[in-house]
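> The residues making up each chain are set out below.
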Amino acid sequence: MRHIISVLLENESGALSRVAGLFSARGYNIDTLTVAPTNDPTLSRLTISTVGDDRKIDQIEKQLGKLVDVAALQDITINRHLEREVVLVKLLANQQSKPKLDRLVAAFNGKLIDINDTQFILELSGSSEKVDELLKALVDFEIIEVARSGVTGMTSTERALTVEQP
Amino acid sequence: MQLTGADIVVKSLEQEGVKYVFGYPGGAALHIYDAFHRQDKVEHILVRHEQGATHAADGLARATGEPGVVLVTSGPGVTNAITGIATAYMDSIPMVVLSGQVMKPLIGYDAFQEIDAVGISRPCVKHNFLIQNVEDIAPTIKKAFHVATTGRPGPVLVDIPKDITADIAEFIYPEDITMRAYPPVASPQPSEIVAAVEAILNAKRPIVYTGGGVVLAEAQEQLRQFVRALGYPCTNTLMGLGAYPHDDPLFLGMLGMHGTYEANMAMHDADLIIAIGARFDDRITGTLDGFAPDAKVLHVDIDPSVIDKNIKTDISIIGDARDVLTMLNRELSRRADDINQQLTEAWWQQINQWRGLNSLWYEHSDTVIKPQLVVQKLFEVTGGEAYVTSDVGQHQMYAAQFYGFSDTHKWINSGGLGTMGFGLPAAMGVKFAHRDADVACVTGEGSIQMCIQELATCQQYDLPIKVINLNNRYLGMVRQWQEFNYDKRYSNSYMDSLPDFVKLAEAYGHVGMMIEKPADVEGALREAFAMKDRLVFMDFITDQTENVYPMIEAGKGHHEMRLRPGGPQPEGV
Ligand SMILES: Cc1ncc(C[n+]2csc(CCOP(=O)(O)OP(=O)(O)O)c2C)c(N)n1
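Going down the list, the protein sequences come from chains L and G. For the first sequence, the working numbering begins at 1 and goes up steadily by one. For the second sequence, the working numbering begins at 167 and goes up steadily by one.
Bear in mind the hints are in silico, worked out from the structure with no lab data behind them. Values in this document were obtained by computation on a predicted structure and should not be read as measured data. Misleading hints may appear alongside valid ones.
DMTMM-like, lysine to aspartate or glutamate: derived pairs with alpha carbons at most 20 Å apart [as the list claims (entries may be wrong)]: (1) G:K722 - G:D662; (2) G:K475 - L:D132; (3) L:K56 - G:E232; (4) G:K462 - G:D503.
A short, non-exhaustive set of chain L residues, derived as facing chain G with CB atoms under 7 Å [said to hold, decoys possible]: (5) V19; (6) A25; (7) V68; (8) K111.
Glycine is no exception: its CB is placed at the ideal position from the N, C-alpha and C atoms.
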């Protein structure tokens, strides 16, 4: 099953490589990984999406928890949660199919954020599933490049991911 | 007090109570070496290879429970130290490794002797640091010792750029440090203890299986009390030997690949495995298919990640082994009336039948020295009181099987990484910690040559270790596997062109002895151990084709042990 694990990490040099190194050393998959500072500049928030059975996910969480830089972690997928991913797609400009593209973009609630004579860039924010669907729907267009951010998310319950103060 | 970064390094070590630092100098560490020269509180021990420094610090740590400390220079100093760091990591040994780094402005430019020490050590340290400012030196060293010695211990590397060791700062060694992300040790819950004791009291075929965690937690007294209160059989892993006295009737010996038949059979047939400070490593469990089919597993460990890693547990308690055992003992004494020794009577009958096979049996010889005999005589001559280090191979297994340990910290070997070359430098570390104790290094002619240069260090610092070289002219353990699994194709396992070890020992300024006859073994050992102030290198020419038995072969389970041919075999085999 797919799990999304959110991690609060000390904003120290080398901390990210410890997380990435743990996954490769122990043979765990990383499907996506996002990282950015939080409102507390000493902490970064990482979001890792990975696939594994319960035993593997249990090990991943325990091994992450052992890292000295990991301040808190949570598998948000076992709770009610929201997840978002941003995708940018660059397409070859084609005035003939533009109306079709406009309809598609509207249907997905996306946005054309850059248009010129040679190319269009469209943006969408949504669940990874929705991003997958958009990319599928774009098969008839000439895609030049795709940039996905990887998923980030949080629970929509009271269970927030915070650092317990000692 | 305003000090240079280098003086702060040394002063910080002094504040941590460090007596010995094992190391080797080089460019990036020279300011620190100069600071050592200016003081006499912390002694620097000059080894002959950085691997030796790490094993010596490790040996000291294992013999005392105190963290070992290492200082190396950048680049090759660090890479040479990696084997020893990994060795300590695999066995959860507290160690702090300080490494010199090129000057900060040069980092990242492939400077002379630059290596990414934090990156290269990352998979084999508990944690590591690259210090950025002179003000951070003292707090970082404080953190390094804290992380190395608390929770599940392990090595911590601190990389220090050279320019920072010349910078000046006020020296204040922090009393406390906070590390909000460093997980505290869980406290065992009373409800878990009650549930565990309930399961323990109802067991009909229990076994207590303990590992290095009991040694690290200094929980041997609590373990003994626990086992004796219940009258349950107890087995120790290779890393856990000494936690339970070898000659106690409740002790089944070591378990695992070369453990006793009774210990492994008891694991297989148990209805309750009480695992304490042990991690169900593959050398212990054999194949996991059909592992202890009827057993419930109660697992006590300080590290949550070992629970349910290899074996699914039924009851787990996360906590320090000594705390948990203390709580279990308290609950057991509250429920003393419920301890029913009759429940396990049939189990003991069965165990005693297995024991009757005497699975460590070997054939004595009047003509050729059996390696087991040397270890047995070593035990007798030292009264079972010596610190015994070993290298890796058959000799390691003979030492574990035949030197009866009654105390923790006395059996010192690389169990997790299996590092040849560990034994001699580890013995040096032990000797620094216990100047008056007998320290024996049981080794093989293959392993000893991996760190033999340390004989010079032993000479420089007067370390009268006794080297027990079980010389079978083979990489014996490799030869054994080739005999069993590769149709006796002995590819590259013969040790040709051996040095004359007697002359070699003498060249380093030590005493060398060669012993070729079984009848001479005991006398030679007595003579060597009587030389209290000399290192004696004893080259025992042993049976070339002797194998370690009993054995769980690859892919086999606890109940499928191969016993020594010609000796007693289980019925129906
Ligand atoms: C550094 C290292 N390289 C290789 C091995 C693989 N290995 C394990 S046992 C062994 C043979 C050891 O030979 P020796 O030291 O003579 O001991 P014996 O088995 O003969 O007692 C080897 C090569 C190892 N454990 N460590």
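> The structure should be examined with respect to each hint, and the outcome stated for every one.
Results of checking the hints against the structure:
no.	hint	result
1	G:K722 - G:D662	violated (33 Å)
2	G:K475 - L:D132	violated (34 Å)
3	L:K56 - G:E232	violated (35 Å)
4	G:K462 - G:D503	violated (23 Å)
5	V19	violated (11 Å)
6	A25	holds (5 Å)
7	V68	holds (4 Å)
8	K111	violated (38 Å)
Of the numbered hints stated above, those contradicted by the structure are hints 1, 2, 3, 4, 5 and 8, listed in ascending order.
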